[in-house]
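2 protein chains.
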Amino acid sequence: MTEERILLAHGDGGALTHRLVKEIFLRYLRHPALRELTDAALLHLPEGRLAMTTDTFVVKPIFFPGGDIGKLAVAGTVNDLAVTGARPRYLTAGFILEEGFPLADLERVVASLARTAQEAGVAIVAGDTKVVERGCGDGIYINTAGVGVVADGCDLGYHRIMPGDVVLINGTIGDHGLSILSKRAGIEFETPVESDCAPLNGVTEMLLDRFPDSIRFMRDPTRGGVATTLNEVSQSTGCDIILDESALPIREEVQGAAELLGLDPLYLANEGKVLIVAASDAAEAILSALREHPLGSDAAAIGRVEAGRGGAFSPGAGQASELTAEPGPVSAQGKGRVFLRTPLGGHRILDMLAGDPLPRIC
Amino acid sequence: MTEERILLAHGDGGALTHRLVKEIFLRYLRHPALRELTDAALLHLPEGRLAMTTDTFVVKPIFFPGGDIGKLAVAGTVNDLAVTGARPRYLTAGFILEEGFPLADLERVVASLARTAQEAGVAIVAGDTKVVERGCGDGIYINTAGVGVVADGCDLGYHRIMPGDVVLINGTIGDHGLSILSKRAGIEFETPVESDCAPLNGVTEMLLDRFPDSIRFMRDPTRGGVATTLNEVSQSTGCDIILDESALPIREEVQGAAELLGLDPLYLANEGKVLIVAASDAAEAILSALREHPLGSDAAAIGRVEAGRGGAFSPGAGQASELTAEPGPVSAQGKGRVFLRTPLGGHRILDMLAGDPLPRIC
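These protein sequence lines map, in sequence, to chains A and B. For the first sequence, full-length UniProt numbering gives the first residue as 1, with consecutive numbering after it. For the second sequence, full-length UniProt numbering gives the first residue as 1, with consecutive numbering after it.
Possibly wrong hints are sitting among the right ones.
The list makes no distinction among identical chains, and a pair is therefore deemed to hold if it is satisfied within one copy or across any two copies.
[What the hints assert, rightly or not] List of simulated lysine to any residue pairs, SDA-like, C-alpha gap at most 25 Å:
{"#": "1", "residue 1": "Lys335", "residue 2": "Asp105"}
{"#": "2", "residue 1": "Lys60", "residue 2": "Gly135"}
{"#": "3", "residue 1": "Lys183", "residue 2": "Leu248"}
{"#": "4", "residue 1": "Lys335", "residue 2": "Leu45"}
{"#": "5", "residue 1": "Lys22", "residue 2": "Ala111"}
{"#": "6", "residue 1": "Lys183", "residue 2": "Leu45"}
{"#": "7", "residue 1": "Lys183", "residue 2": "Val21"}
{"#": "8", "residue 1": "Lys183", "residue 2": "Glu98"}
For the record, the hints were derived by calculation from the structure and aren't laboratory data.
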C-alpha cells in the first residue's frame, strides 16, 4: 500500500474500511478482543477501582525527534492513568484521517502505537476510523481512551498534599515542547533535542510499590508545562509551591533555544515526565530510586509545598515589587500560588499559562 | 459567551482552557469524577466482564432533524456497548474544536450530550479538548469511549447464530442516513425525516432480561447500513441471510427520497436501530415485547438465517442470472452471503457497501 492514500471511501464502513482495518490496524494490533471486530471488547479486570481517561492527539508535525503521534497517543493516556496510581490495562484508539493521507504514514504511526502499547504492557482493545474530506483535518488525529486498576489502599490526590512536602520530577523539563517547536520553526541543533515522550507506568508503579505511604500526589506536566500543572495544585490545595530555580533540570540546548524563541521551559509541554509531591522525609530515598530507573536519571527535587500566603510573599530576602502583585482572575479562584525562587533569593510569581500561541503540541 | 468563538488559546492547557472547561463542560457534565479535574476518573464497577468501545463522530451537518453531534456521540457509544449485552456505565468525551467555532454552538452540543447521557443512565467521567487551526478541522469532532458491564452468563456472538434463527429489527430502516443526506442536499419534505438517533440500552436490557436464552446476537447497523452489518454476520458465521423485502420497515418518505438520490435504504446508516438474531421459537414473543417499547413500535422480523450455499443460490423460484454471480473479493473471505428475497420470489445478492460517496454520516 506504499503509495496509496486515504480515500473518503476508507471511512464509509464498507469494503474499503474493512480492508484498511484488516491490512493495517489488525496487522499491528493483535489483541483477541480487537480481532473479533464486534462493537465492544469484552475484558476481565482484576479487583480494585477502575481508572478511566481520554486524550486526543493533534500534534504537528506528526513525526518529530524522539517520537510520533502514535507513540504519543499511547504514552499520553497511559501516563494519565499511571499518575492517578492506576496500573493501565486497556486502551481504545479512534482515528480521524484526512482524505489524501498516505497509507504508508498511517502504517508507520500504527506500528509505533502498537510498539509503545507493548512496551507499556497495555492492550489496544477497540478502535474506530473516520475519514474527513481534504481541508477538514490535518493528516491524522488520534483519540485514545484507557482504563486501569487502582489497588485498594492506594490514595493519591490533592487532599493528601500538605505544607512541608517536597516536589520532585523524574528528569529534564521542556524537552517535548521544544522538540516540536524547533522542528516547526526549522531550528537545527548539533544534537537534536528529542521529545521525552514515553510511558511512565513503569516509574509510577515502582514508586507506589516502594513508597506507598510517602507519595501524596502525581501529575504529568503536559500542555501548559510544569508551571501550569503546579498552579492547578496550588489552586486546588490552597498551598503555595516554591520552586527552586537553581534545582530545575533543564537541558542547556533547551534553555538556549527557549530563550531564542522567547519562551520559558517551565511552560513547555513534557510527555515523559511526572511531578511527584512526597513526604519530605522520604525525598532522598525516592530520588535515589528514580535515578536508578531508565526514565529517571536526571530526577531532581525542585521545590517545596508551603502554607498559602493568599497571593502575597513576604520573606526577608524577597523583592517586594515582584511579590505583591495582585492575583489575576484565574489565580483568584484559589488562595495558593506558585513562586520561583531565583538564585539571588528573589521570588517571582509563576502564573498559569494564558493565551500562549503554541497550539497542537500534543 | 454567546457571540464568542473558539480561539487557539482555548486549547493550550492554560487559563482559557480552564475557563472553557469550567464555564461550558462542567456546567452540563456533573459527575464527581469529572469535577475533580484529575488525569483519570476513579470509578467502581459491579461484578462482571468489562465491555469497552470507542467511536469518533464527524457528522456533517452537526445539527440535523432528530439530533446533533452531541446526542449522536453518546447514543453511538452507548449502543455499541448495549449490543454486546453490556449495561453501559461510564463514557469519556474528547473534543476537537476548530478555531472560530461559536461557543454558543459548543454549549448547545454539550447540553445535548449531557441530556442524552442522563437519558441513557451513563455518566461522562473524563474529557479532553483540543483546538486546531482554522482549516484543519470542521467546527467540532467528538470521540466518545465507553465502558459497561456484561453480566456473567450473558453470551452473545457470532458463535451462537445458527441456521433457522430469525433476524429482527426494532424499527424503520435508513432514517438517520436519509435525514443527514437530505439536509445536506437541501431536500425539503412536508414532514421532515428525523434521524432515529437514540440510546438503545433500554431496549437491549429489556430483551436480555426477558429472553436471556433466545437472543443470540445483536448489532447496531450504523455506517454501511443493514446490508453491510448483515454481510459481516454472514461472512463471520458462514451462514446465508435471506431478507424478505416485503417485510422491511421503511418509511415511505425515506424510500421515495432514497430512490430520488439513487440510494438503497438498506445501505443507509441507522443510529437508533438494533438488528437481533434470535431463536425462531421466541421470535413472536420478542416482536411483541419490542413493539411495547417506545423505541420498538415499528419492529419487524425481516429475515432468516440459513446454512451457507457458498455464494450460489438455487431455489426453484430464483432468477438464475442474478444468483450465480461470483462472490467479489470481500465476500470471498467468508462463505455466507446476504440475499434479498423480492416480492416476486427472486433473490438478489446484497453485498457489503463498497466505495459509497457518503462520508461523515456519523
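Hint check results:
1. Lys335 / Asp105: Neither. Shortest intra-copy (48 Å) and inter-copy (34 Å) distances fail the 25 Å Cα cut-off.
2. Lys60 / Gly135: both (15 Å within a copy, 14 Å between copies)
3. Lys183 / Leu248: within (24 Å within a copy, 57 Å between copies)
4. Lys335 / Leu45: Neither: 40 Å inside a chain and 36 Å across chains, both beyond 25 Å.
5. Lys22 / Ala111: This pair counts as within: shortest intra-copy Cα distance 14 Å, inter-copy 37 Å.
6. Lys183 / Leu45: Neither: 41 Å inside a copy, 44 Å across copies.
7. Lys183 / Val21: neither (31 Å within a copy, 30 Å between copies)
8. Lys183 / Glu98: This pair counts as both: shortest intra-copy Cα distance 22 Å, inter-copy 23 Å.
Consistency with the previously given hints fails for numbers 1, 4, 6 and 7, ordered from lowest to highest.
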